[in-house]
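Residue numbering for the sequence shown follows the working numbering, beginning at 1 and increasing consecutively.
It is worth saying that the hints were derived from the structure and are not from the lab.
Keep in mind that the hints are not guaranteed to be accurate.
[As the list claims (entries may be wrong)] Taking lysine-lysine and the DSBU-like style, the derived pairs with C-alpha atoms no more than 30 Å apart in a straight line are:
#  : residue 1 : residue 2
1  : Lys217    : Lys131
2  : Lys343    : Lys160
3  : Lys275    : Lys217
4  : Lys131    : Lys257
5  : Lys160    : Lys217
6  : Lys326    : Lys257
7  : Lys343    : Lys277
8  : Lys131    : Lys275
9  : Lys343    : Lys131
10 : Lys235    : Lys257
11 : Lys326    : Lys47
12 : Lys343    : Lys217
13 : Lys331    : Lys131
14 : Lys331    : Lys343
15 : Lys326    : Lys131
16 : Lys257    : Lys275
17 : Lys217    : Lys235
18 : Lys257    : Lys217
19 : Lys277    : Lys160
20 : Lys326    : Lys275
21 : Lys160    : Lys275
22 : Lys343    : Lys326
23 : Lys131    : Lys160
[Unchecked claim] DEER-style ranges, computed between Cβ atoms:
#  : residue 1 : residue 2 : range
24 : Ser92     : Arg301    : 55 to 65 Å
25 : Lys131    : Asp216    : 18 to 28 Å
26 : Glu304    : Lys131    : 23 to 33 Å
27 : Lys131    : Ile105    : 15 to 25 Å
28 : Glu219    : Ile107    : 22 to 32 Å
29 : Ala346    : Glu267    : 25 to 35 Å
30 : Tyr14     : Asp216    : 54 to 64 Å
31 : Glu267    : Ile146    : 19 to 29 Å
32 : Arg287    : His66     : 43 to 53 Å
33 : Asp244    : Ile105    : 49 to 59 Å
34 : His66     : Ala23     : 20 to 30 Å
35 : Lys326    : Ala106    : 48 to 58 Å
36 : Arg22     : Arg137    : 15 to 25 Å
Cβ coordinates follow ideal geometry from the N, Cα and C atoms, glycine included.
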Amino acid sequence: MAAIQKIHDGELFYWQRFSHGRAQRLRKQDLNQLPRAGLIAYFIALKRRQRGSEADLILPASPRGHRPHFATVLHEPNDHLILIYDPQQRRSMTRRYLPPSQQPIAINGDRRWSETERSLLFSALARLHPKELDLIRDVSFVRHRIGQRGAHNAALHVSKGCRSHIRVFDSLFEAQPSIFTGPPEAPISTAEYGLLHEIGHAIANARYKSASCALDKEERVIETLRQRVNQATSKYNQRVERRDPSLRQADTDRLQKQVQDVARRIETYNTARAKNKATRHMGPVLRRFEHQTARAAAVTRYAEQSLDERFAEAFALSRTDPDAVKRIAPKVLNFFVTMQHLKALAEEH
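Start from the sequences, fold in the hints, and give me the full structure.
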């Protein structure tokens, strides 16, 4: 308490028990009304000194063995601090159910999936729109111990042409045990957030992947046609060498047409392959996101790194804590509420 009073310098304190409840103004002398967990949450937020930030905190219970406290502190740009916390409620992380028919491919790499980890994966996917789930239906989730960047790698979306998968590392489930995402009355594990972030990358990459699959199929067709043309050319040359009297100009014309048709198809294929490669990192999803959320604030600090990360962070937060996205960047929330990312993909076809 003394530490909070010492730090206090013009901030106005508010307390509301639920995310959509009414905030009660707390005068400096009223802060002692708060339970210890609420005071700790305020103290952490004040120490961070980040106006415009949101701190979603898991505070250990006393005595030990009881469920922890979940509290959110909003540090508004005007220096108002709003504590969202209900001392009467002790909650666990909320999880959603995903029917077995919709569950993804979870592969054991050099680490086996635990049942808890699988349930977090299924819960994350259960937060998706059915059409989003369809987009990643053939994306596998592969469990590994550690990524190339060590603890900095929680999960990683890997795209190789027509194939893509998401590598999931130990640090996704071990990192940040003191924070959560979502509202404090329905907290969500940050592991789900991390999974949804990588799923966001997979969705942004969906056009490149589908085009790569179509091009791979076309490449196989072209190879079959090329072999047929080679066989036809070989037979034609044999007839020429034998001075086959039945050989006619129509045979020559037909072979030339076959060769020209395959050559045109190869040229079209090469052009399409080059275009797909050139636009890999700026497909229809990211183009529309950039256009429709121009000048909107990044929803997290990490989102400031690139357009790709800005989309993935916004996607994950919109699926776990839409109220936070609405506070930070209403345009961004509207983008996902109106399913613009799915519309961008549909309009490309």
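A quick look at each hint next to the structure:
1. Lys217 with Lys131: holds (24 Å)
2. Lys343 with Lys160: holds (24 Å)
3. Lys275 with Lys217: The given pair, whose Cα atoms are some 17 Å apart, holds under the 30 Å limit.
4. Lys131 with Lys257: violated (43 Å)
5. Lys160 with Lys217: holds (15 Å)
6. Lys326 with Lys257: The given pair, whose Cα atoms are some 60 Å apart, is violated under the 30 Å limit.
7. Lys343 with Lys277: Holds. Lys343 to Lys277 sits at ~22 Å (cutoff 30 Å).
8. Lys131 with Lys275: Between Lys131 and Lys275 the Cα gap is close to 26 Å, so the pair holds against 30 Å.
9. Lys343 with Lys131: holds (11 Å)
10. Lys235 with Lys257: holds (16 Å)
11. Lys326 with Lys47: holds (25 Å)
12. Lys343 with Lys217: holds (25 Å)
13. Lys331 with Lys131: Measuring from Cα to Cα gives roughly 22 Å; hence the hint holds.
14. Lys331 with Lys343: holds (16 Å)
15. Lys326 with Lys131: With a Cα-Cα distance of about 23 Å, the restraint between Lys326 and Lys131 holds, given a limit of 30 Å.
16. Lys257 with Lys275: OK: Lys257 and Lys275 at ~27 Å, within 30 Å.
17. Lys217 with Lys235: holds (28 Å)
18. Lys257 with Lys217: holds (23 Å)
19. Lys277 with Lys160: Holds, at about 11 Å.
20. Lys326 with Lys275: violated (36 Å)
21. Lys160 with Lys275: holds (16 Å)
22. Lys343 with Lys326: holds (21 Å)
23. Lys131 with Lys160: holds (23 Å)
24. Ser92 with Arg301: 55 to 65 Å: violated (28 Å)
25. Lys131 with Asp216: 18 to 28 Å: About 24 Å separates the Cβ atoms of Lys131 and Asp216, which means 18 to 28 Å holds.
26. Glu304 with Lys131: 23 to 33 Å: holds (29 Å)
27. Lys131 with Ile105: 15 to 25 Å: holds (19 Å)
28. Glu219 with Ile107: 22 to 32 Å: With Cβ atoms ~27 Å apart, the hint holds.
29. Ala346 with Glu267: 25 to 35 Å: Holds, since Ala346 and Glu267 (Cβ atoms, about 29 Å apart) stay within the stated range.
30. Tyr14 with Asp216: 54 to 64 Å: holds (57 Å)
31. Glu267 with Ile146: 19 to 29 Å: violated (45 Å)
32. Arg287 with His66: 43 to 53 Å: holds (50 Å)
33. Asp244 with Ile105: 49 to 59 Å: Given range 49 to 59 Å: holds, Cβ gap about 56 Å.
34. His66 with Ala23: 20 to 30 Å: Holds - the Cβ-Cβ distance for His66 and Ala23, about 27 Å, lies within 20 to 30 Å.
35. Lys326 with Ala106: 48 to 58 Å: Hint violated: Cβ distance 33 Å, outside 48 to 58 Å.
36. Arg22 with Arg137: 15 to 25 Å: Roughly 43 Å apart at Cβ, these two residues miss the hinted range, so it is violated.
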